[in-house]
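Visitor: Going line by line, the protein sequences match chains A and B. Once you know that position 320 of the first sequence is 320 in our numbering, the rest is easy, because the numbers rise by one and skip nothing. Once you know that position 280 of the second sequence is 280 in our numbering, the rest is easy, because the numbers rise by one and skip nothing.
It is possible that part of the hints are untrue.
Derived CB-CB ranges, DEER-like [to be verified]: (1) A/232 to B/172: 52 to 58 Å; (2) A/355 to B/172: 35 to 41 Å; (3) A/116 to B/18: 37 to 43 Å.
None of these hints come from the bench; they were simulated from the model. These numbers come from a predicted model, not from an experiment. Backbone N, C-alpha and C define an ideal beta-carbon position, used for all residues, glycine too.
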Amino acid sequence: MAKTVRRVTTRAGKRSRMQEAHDSFVFARYLFMMLIIATIIILTGVIITLGPLDISVAEAYQALINRFYPGYFNVEPLTSRVVWNIRFPRIVGGILAGIGFGVCGCVMQAVLKNPLASPFTLGISAGAQFGISLAAVIGISLVGGPYLLIGNAFFFALLCSCFIIGLAAIKGATSETLILAGIAVNYFFSAMSQLFKYFADDEQLRLMTSWGMGDLASFSWTKIPLILGVFVVCIPLLMLKAWDLNIMTAGDETAKSIGVNAEHVRIFIMLISSVVVATVVCFTGTISFIGLVAPHMARMILGGDHRFLIPASGILGAVVLVAADAVAMNIIAPTVIPTGIMTSVIGVPFFMYLMLKGRRKEFWT
Amino acid sequence: MMIQLQAKGIEFGYSSTPILKDVSFEIGPSKLISIVGPNGSGKSTLIKCIDRILTPSCGNILIDRKDVTKMDRMEIARNLAYVPQSSARTFSSNVFDTILMGRRPHIGWLSSSDDEDKVWEVLRLLGIENLAMSGFGELSGGQQQKVLIARALVQETKVMLLDEPTSNLDIWHQLDVMNIVSDLVKKRRMTALLALHDLNLASKYSDGIIMMKKGRIMAVGDPASVLTPENIEAIYNVEVAVRSQSEEPFIVPLKQIKMNGGRPNHDGKFFSNGKRRSRLPRTFSEIKEIKLS
Chain A
1 MAKTVRRVTT RAGKRSRMQE AHDSFVFARY LFMMLIIATI IILTGVIITL
51 GPLDISVAEA YQALINRFYP GYFNVEPLTS RVVWNIRFPR IVGGILAGIG
101 FGVCGCVMQA VLKNPLASPF TLGISAGAQF GISLAAVIGI SLVGGPYLLI
151 GNAFFFALLC SCFIIGLAAI KGATSETLIL AGIAVNYFFS AMSQLFKYFA
201 DDEQLRLMTS WGMGDLASFS WTKIPLILGV FVVCIPLLML KAWDLNIMTA
251 GDETAKSIGV NAEHVRIFIM LISSVVVATV VCFTGTISFI GLVAPHMARM
301 ILGGDHRFLI PASGILGAVV LVAADAVAMN IIAPTVIPTG IMTSVIGVPF
351 FMYLMLKGRR KEFWT
Chain B
1 MMIQLQAKGI EFGYSSTPIL KDVSFEIGPS KLISIVGPNG SGKSTLIKCI
51 DRILTPSCGN ILIDRKDVTK MDRMEIARNL AYVPQSSART FSSNVFDTIL
101 MGRRPHIGWL SSSDDEDKVW EVLRLLGIEN LAMSGFGELS GGQQQKVLIA
151 RALVQETKVM LLDEPTSNLD IWHQLDVMNI VSDLVKKRRM TALLALHDLN
201 LASKYSDGII MMKKGRIMAV GDPASVLTPE NIEAIYNVEV AVRSQSEEPF
251 IVPLKQIKMN GGRPNHDGKF FSNGKRRSRL PRTFSEIKEI KLS
């Protein structure tokens with residue numbers, strides 16, 4: 001017998017005032033998602049125009065469209081080359097890094113049940129910094145050539161988080177265990193990096209310091225497919241756990257009673273997000289602000305549903321990172337300020353404004 | 001006689017400290033059963049073991065004669081709903097989304113309009129539809145408790161476990177929550193198993209009472225047979241007067257009984273269903289005679 005779906009309505013056959021309010025809220029969530037996607041598209045066009053060569057916003061979009069539909073627009077070859085080979089890869093790198101940090105910050109805060117959690121809570125940045133130091137000072141690296149530093153950063157970043165996840169799997173994957181183990185590992189690898197700094201010469205010191213500040217300069221078309229490949233596999237896996245993350249914020253006991261094995265989900269999320277963050281961080285260095293704050297911005301506006309929160313955190317992370325990078329590159333041109341510094345300089349006042357003015361404070365604690 | 005929920009020889013402990021010892025009972029359908037006992041007697045632990053939030057070291061739990069220990073977590077959630085004692089959350093969400101979480105055992109990634117309609121139905125049933133868009137963290141204790149009951153209700157289980165649902169509530173909200181649970185048992189033919197501290201609430205609303213101390217069941221039966229001055233004195237070390245209030249015993253605490261060298265001063269005599277018991281019921285076969293079906 002076919003299942004009858006009965007819409008709950010009032011006696012007059014209309015949806016109640018509360019149901020209409022809920023419908024409006026759901027519509028507002030979708031609208032906000034569309035708005036931030038539109039923002040990143042517009043921001044891309046505007047940022048491409050910034051630089052020594054004058055390019056209009058229209059020319060920027062025309063140059064990009066021409067790559068996929070050659071001859072559709074009449075664009076100067078020089079403009080096309082500057083847009084496609086110099087300015088656009090950095091923006092795409094910024095978008096990918098912002099998405100990676102934002103998404104991973106969001107899921108880490110949920111599984112660790114801690115608003116201070118970020119993609120670097122498991123010691124990933126300290127591990128990556130240690131890998132860079134090892135390669136820069138002693139010359140020990142797992143891979144050679146152009147990936148000398150990147151390979152080391154990736155390996156040691158992942159090693160740190162895998163060590164903590166392994167420890168948690170044996171001792172019980174509670175959020176407290178993971179945070180404490182993350183802090184301990186952070187301290188250990190930071191101390192090791194400091195030791196390398198102590199013995200480093202000026203050139204090695206400059207390399208280690210600039211990596212630690214975080215920058216998007218290393219992005220090029222050869223590296224972007226690698227990051228994109230990791231994202232295509234990992235981010236849908238994180239999205240699949242959105243419901244479980246909603247429930248886990250209510251505590252492990254509640255999660256278990258509603259059918260979610262909190263410890264298994266926690267380890268799964270940690271593993272996947274570690275791969276994502278390690279992949280990004282080995283190219284960008286430590287840009288810590290995005291992963292901490294983008295999820296809070298999204299939560300203040302969208303509420304606690306991770307089906308919306310995860311993508312929104314990613315896109316908001318991309319918006320903040322790309323905007324901050326544009327300012328960092330142009331504010332005292334030709335000097336380029338490291339992106340990691342500028343994300344905090346721009347993002348913190350904006351975040352404080354949202355925190356003080358936000359009307360939906362009940363969604364954010 | 002149909003049995004809805006059955007526990008056979010449940011034992012549980014943390015490392016070397018035993019918490020539950022050989023706990024067995026049977027509960028029939030459409031019953032409201034309260035577990036009472038002093039702090040640390042194992043009431044909440046028993047509730048969590050039944051829902052497999054904690055894993056018993058031995059014993060079986062059966063729902064409609066199906067073994068819970070052989071079910072995966074989702075299947076357990078489709079058969080047993082749990083209302084926690086604490087509602088503390090790291091990140092708050094609105095009431096509608098909080099209740100919708102209870103549909104997780106029945107749905108995939110997307111919730112359907114059918115699932116949302118079930119949430120609206122329960123919101124109206126409990127009279128909290130006006131709170132649907134409020135933040136869970138903004139609600140009073142009584143309202144939060146109703147939301148947690150609503151979340152358990154949308155799980156659509158036959159058995160609901162409630163861990164001290166009236167703690168931290170004023171007397172109006174205590175009665176409100178107990179009336180809701182009582183109505184659900186009568187109208188939806190659910191079985192409710194509650195851990196309760198308040199003996200008078202247990203007496204007023206329960207079809208049966210399980211009295212525990214130090215991880216063991218000490219007395220089982222209807223409120224009048226379990227809530228006797230002798231049993232309460234033996235379990236709580238408190239002298240009480242038990243009066244009859246419209247056929248339900250009404251307990252008035254009189255004074256504490258001094259401990260004899262750190263041990264309770266009782267003779268180990270317990271009463272159940274009007275029968276005097278000289279020792280604790282230890283096995284399932286013994287418990288069967290005092291089942292709550």
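Visitor: Look at each hint and say if it fits the structure.
Guide: Against the structure, the hints come out as follows:
1. A/232 to B/172: 52 to 58 Å: Holds: the Cβ-Cβ distance is about 56 Å, inside 52 to 58 Å.
2. A/355 to B/172: 35 to 41 Å: Given about 36 Å between the Cβ atoms, the range holds.
3. A/116 to B/18: 37 to 43 Å: The hint (37 to 43 Å, Cβ to Cβ) holds, given that residue 116 of chain A and residue 18 of chain B are roughly 38 Å apart.
The structure fails none of the hints (numbered hints given earlier).
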